[in-house]
Amino acid sequence: MASEAPKAEALNVVGQPVKLRDLKKHVGGQTSYCDDLRFPRMLHLKMHRSVQPHAKLLAVDTAAAARSEGVVRVLTHADLPGGELWSGLATVGGAGDEPVLASDKVRWKGEAIAAVVARTPEQAEAAAAKVKVRYEPLPAVFDVEEALAAGAPNLIAHWPGNHYIFGDDHAAAQIRLGDVEKALAEADRVVENVYQTSPIEQAPLETIGCVAVPDGDGRYTVHTGSQSLSSTLKSVAAYLGLPANRLRFVSGSVGGGFGGKADLAVEVTATLAAIKTGRPVKYRYTREEEMFASSTRAAWRVYIKDGVMNDGRIVARKVTTYHDSGAYLRMSNYGAMKHSTHWPGPYTVANVWVDVYCVFTNRTPSGAMRGFGIMPASFAIEVQMDRVAKAIGMDPWRLRLLNAYRNGDMRGHHRAVKDAAMIETIQATAKLSEQNLTGDLQSLSSWRQKAG
Amino acid sequence: MAEYLLPDSLSEATEIIAEHGRALAIVAGGTSAMRCGTCRGKHGRGILCLECPGPRLVSVPNAAFVMGIQRLGLDGVAPANGGLGFGAGLSLSRLQASAPIPALRAAARQVGGPALRNMATVGGNIFERQPYGDVAVVLLALDASLTFAERDGERSQTLAAFYADGAKQGGLLTRIDCAAPDGEVVFLKCGRRRFNSPTVVTVAVCIALDGGKVRRARIALGGAGAHPMRCAAAEELLIGAALDPTSIAAAAAAAADACDPATDVVASEWYRRRMVATYVRRALGEIEQGS
Amino acid sequence: MTAKILSLNVNGRDETILCDGLTTLQEVLRDQLGLLTSVKDGCTQGGCGSCSVLVDGELWLSCLAPVAALAGRAVMTLEGLKQSAGIAAIQQSFIDNSAAQCGFCTPGMILTVKALLDANPEPSHDEILEALSGNLCRCTGYLPIVEAVKDAAARLSGGADAARASEGREG
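Line by line, the protein sequences give chains F, H and C.
So the first sequence is numbered by the numbering used here: it starts at 1 and just counts up by one.
So the second sequence is numbered by the numbering used here: it starts at 453 and just counts up by one.
So the third sequence is numbered by the numbering used here: it starts at 744 and just counts up by one.
Just so you know, the hints here were simulated from the structure itself, not pulled from any lab data.
Be careful, since some hints might not be right.
[What the hints assert, rightly or not] Listed below are the simulated DSBU-like cross-link pairs for lysine-lysine, each with C-alpha atoms no more than 35 Å apart in a straight line: (1) K825/C to K24/F; (2) K109/F to K338/F; (3) K19/F to K305/F; (4) K7/F to K109/F; (5) K19/F to K56/F; (6) K893/C to K19/F; (7) K19/F to K825/C; (8) K747/C to K109/F; (9) K620/H to K130/F; (10) K25/F to K825/C; (11) K182/F to K234/F; (12) K19/F to K390/F; (13) K105/F to K390/F; (14) K132/F to K105/F; (15) K431/F to K747/C; (16) K418/F to K7/F; (17) K305/F to K338/F; (18) K338/F to K276/F; (19) K747/C to K24/F; (20) K305/F to K234/F; (21) K234/F to K25/F; (22) K276/F to K132/F; (23) K19/F to K130/F; (24) K825/C to K893/C; (25) K182/F to K19/F; (26) K56/F to K305/F; (27) K234/F to K56/F; (28) K7/F to K56/F; (29) K130/F to K893/C; (30) K620/H to K825/C.
[Stated by the list, open to error] With beta-carbon atoms standing in for the labels, derived distance ranges: (31) P697/H to V194/F: 36 to 46 Å; (32) E870/C to E434/F: 23 to 33 Å; (33) A897/C to V250/F: 49 to 59 Å.
Ideal Cβ positions, reconstructed from N, Cα and C, are used throughout, including at glycine.
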């Protein structure tokens, strides 16, 4: 390792424009994606999905599907070895709560119930439609606060109360700094608002998919568009009870992911189908499936109560937020943890109180998408900053600069700020957007403590 | 899976229609009929079905036969009796390039992207489910008529009567005709983005002025009901009146009152009704400014 | 149900293909004719433009075209356009402007630009936006793609630029 930083002119990459290596392949149409792979005797897998948001499964009749033209195999929960439950973060200790194929219950409209493997995608789709499911509908809950209320229908026995259980048996991830109630009582103004974000589909141009190919020696090669190659391999091995060295995962070019291909989605079923049929099996979502069955960015509800002094200092920020995980955990606890540590935003507030609930509802399970957990917090914080500015009649640029965190300030989660650049970023933004900051604001710096 | 039939002549096509009846779906450009809706696989690939939620076009559920019209020579521009005439199979990109009325060119340009317009047809646009079918809205304002070929001969119907009747398809739509417009025609679309936008609402108006008074008014709306619709209440308010901000506001309010828009993924009924008022006012306003 | 055999000219060669009912041009190109996988499948409903091809020089969406209606017509995919006028300049412009990230939309984009510049060698900014309006890209935000189209138009109208473009292609 070099003992001192190299001179700028010696740098080959930093500060230099770098071309994407595969551009030449892209423009020639030669880049191969998972969907472009063809193998001899390749079969196609399509899923029969729940039409109920919450129901007991009384019977799953696959006889007509199995007799349908071109069908080679139908898979249900009974075909899964062990029938363990999986978690998006199983390999880093997440709790398993989700079946690969539903067994006794379905908890969202679109949950996988039976997989049909046939010679063509059309045959598989036609046969999947012939799977007959008898449901006993259960009361469903679609709102995070209703799900937490007493008497709400429970989705998963593992999560009584319909929320994730954080460390030390906490119902919510908690941030505590200073004395929020005292500071709110002493503040000149209290500004209180609620914010709601919507679920968002990542919508990559290439839908989720994989091809599982038997190597003929008890090993399987899985070509996948997954964004999480090694954790997906480990999850498939754990779920199917295979040693990891029986699986080889190959990632080609990913046709867009944005977090939407971070979850385990198709690989377990496709690999199981390849094991059961001895033939290559392709499982690729249609665009409709991608839109209604793949993980979304989660919807959040955020309550903020700010204590503000007339000079612009925010002295207290009390926050309760609800993350809509949908029906299963997947990566939601991770997103909720990132969300909690983001408060109170890039601002220094001496008294902070945050409760973050990770809630289960009968909605499509949510997952990763570009800064998941962070984005809904930032959205709520920045709209709140504008509203605070309006409430005290202060220029919103000034309000942000006065409260922006400086090096050495204490964050909500009890870590001192290092390498702050918020003030400089706002100053540069002002310049680019032709906002004239007054001299006192231009002289602010992340390296100096705020006045007063 | 449906069998694809490709007749070479109109008589062959009308025989096919007579023979297969409701088991037949007619596909022109395919840009609606070939879209794989929620019933893909269940009712044959690409055949959109009235029994399933989601996209609807083909009025023949479970079509066993599909007929293409590419070889019937319906893709021409054939003015008749000094008016305008379009073959039902004329592509929207050719309509965009050749229509003599700017409003028709503008409406064609608002449908999909360039590739889609190279395939989609004027005839297909007549059958589009709402809120699509922007070109049909202009044709309605032009009081166009439709000609259907059947085994026994031709049958004509005004477009307004066709929609009032529930857009029932009998025979093969061969051409769309309208007289040269006897007034100013304006088409406006409220979409979600500038190009290739789904329709919130579309408005087409055709106004003839005589000595400062409205002699004839046709106001057509898209995205405002089960089919593209004429708005008689608004038209009646204008006839005989001066085209001024007062009469325009009254007509816009009447149009918003009379329409029956749906809520879908593109827009809500609430928003569409307000946009009908706004765009009728703007369209009539353009004619007022120009007169 | 009867399968049909028909003749189709693909990338300059007459091909005999087998189709059933509503088999689409996209399926034939991707699965029958030697895996012409520059033709992508992003939505199978005409919404994304990633399956774009040229049919008798016109830009089409191959996922919406029943191949049975195309007997005797000439289809071009990006694979067949290697020698075609201007294609190298368009490709080099996409490279130089970093107008692709994941690359899934890129073949459709390039065919769309080819069709645009063939019809309109000097498109305005708005004409470029309109021409690209049927092709979705989720990675780039479109700005570098629009720049690439302007760059390609400039290269194709200026001799020196065009020469540089073809050198870049070789290098």
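Outcome of the hint check:
no., hint, in the structure
1, K825/C to K24/F, "13 Å, holds"
2, K109/F to K338/F, "28 Å, holds"
3, K19/F to K305/F, "47 Å, violated"
4, K7/F to K109/F, "58 Å, violated"
5, K19/F to K56/F, "53 Å, violated"
6, K893/C to K19/F, "19 Å, holds"
7, K19/F to K825/C, "22 Å, holds"
8, K747/C to K109/F, "40 Å, violated"
9, K620/H to K130/F, "32 Å, holds"
10, K25/F to K825/C, "13 Å, holds"
11, K182/F to K234/F, "49 Å, violated"
12, K19/F to K390/F, "45 Å, violated"
13, K105/F to K390/F, "50 Å, violated"
14, K132/F to K105/F, "15 Å, holds"
15, K431/F to K747/C, "66 Å, violated"
16, K418/F to K7/F, "24 Å, holds"
17, K305/F to K338/F, "20 Å, holds"
18, K338/F to K276/F, "40 Å, violated"
19, K747/C to K24/F, "38 Å, violated"
20, K305/F to K234/F, "43 Å, violated"
21, K234/F to K25/F, "31 Å, holds"
22, K276/F to K132/F, "22 Å, holds"
23, K19/F to K130/F, "49 Å, violated"
24, K825/C to K893/C, "21 Å, holds"
25, K182/F to K19/F, "55 Å, violated"
26, K56/F to K305/F, "41 Å, violated"
27, K234/F to K56/F, "30 Å, holds"
28, K7/F to K56/F, "66 Å, violated"
29, K130/F to K893/C, "52 Å, violated"
30, K620/H to K825/C, "48 Å, violated"
31, P697/H to V194/F: 36 to 46 Å, "41 Å, holds"
32, E870/C to E434/F: 23 to 33 Å, "30 Å, holds"
33, A897/C to V250/F: 49 to 59 Å, "41 Å, violated"
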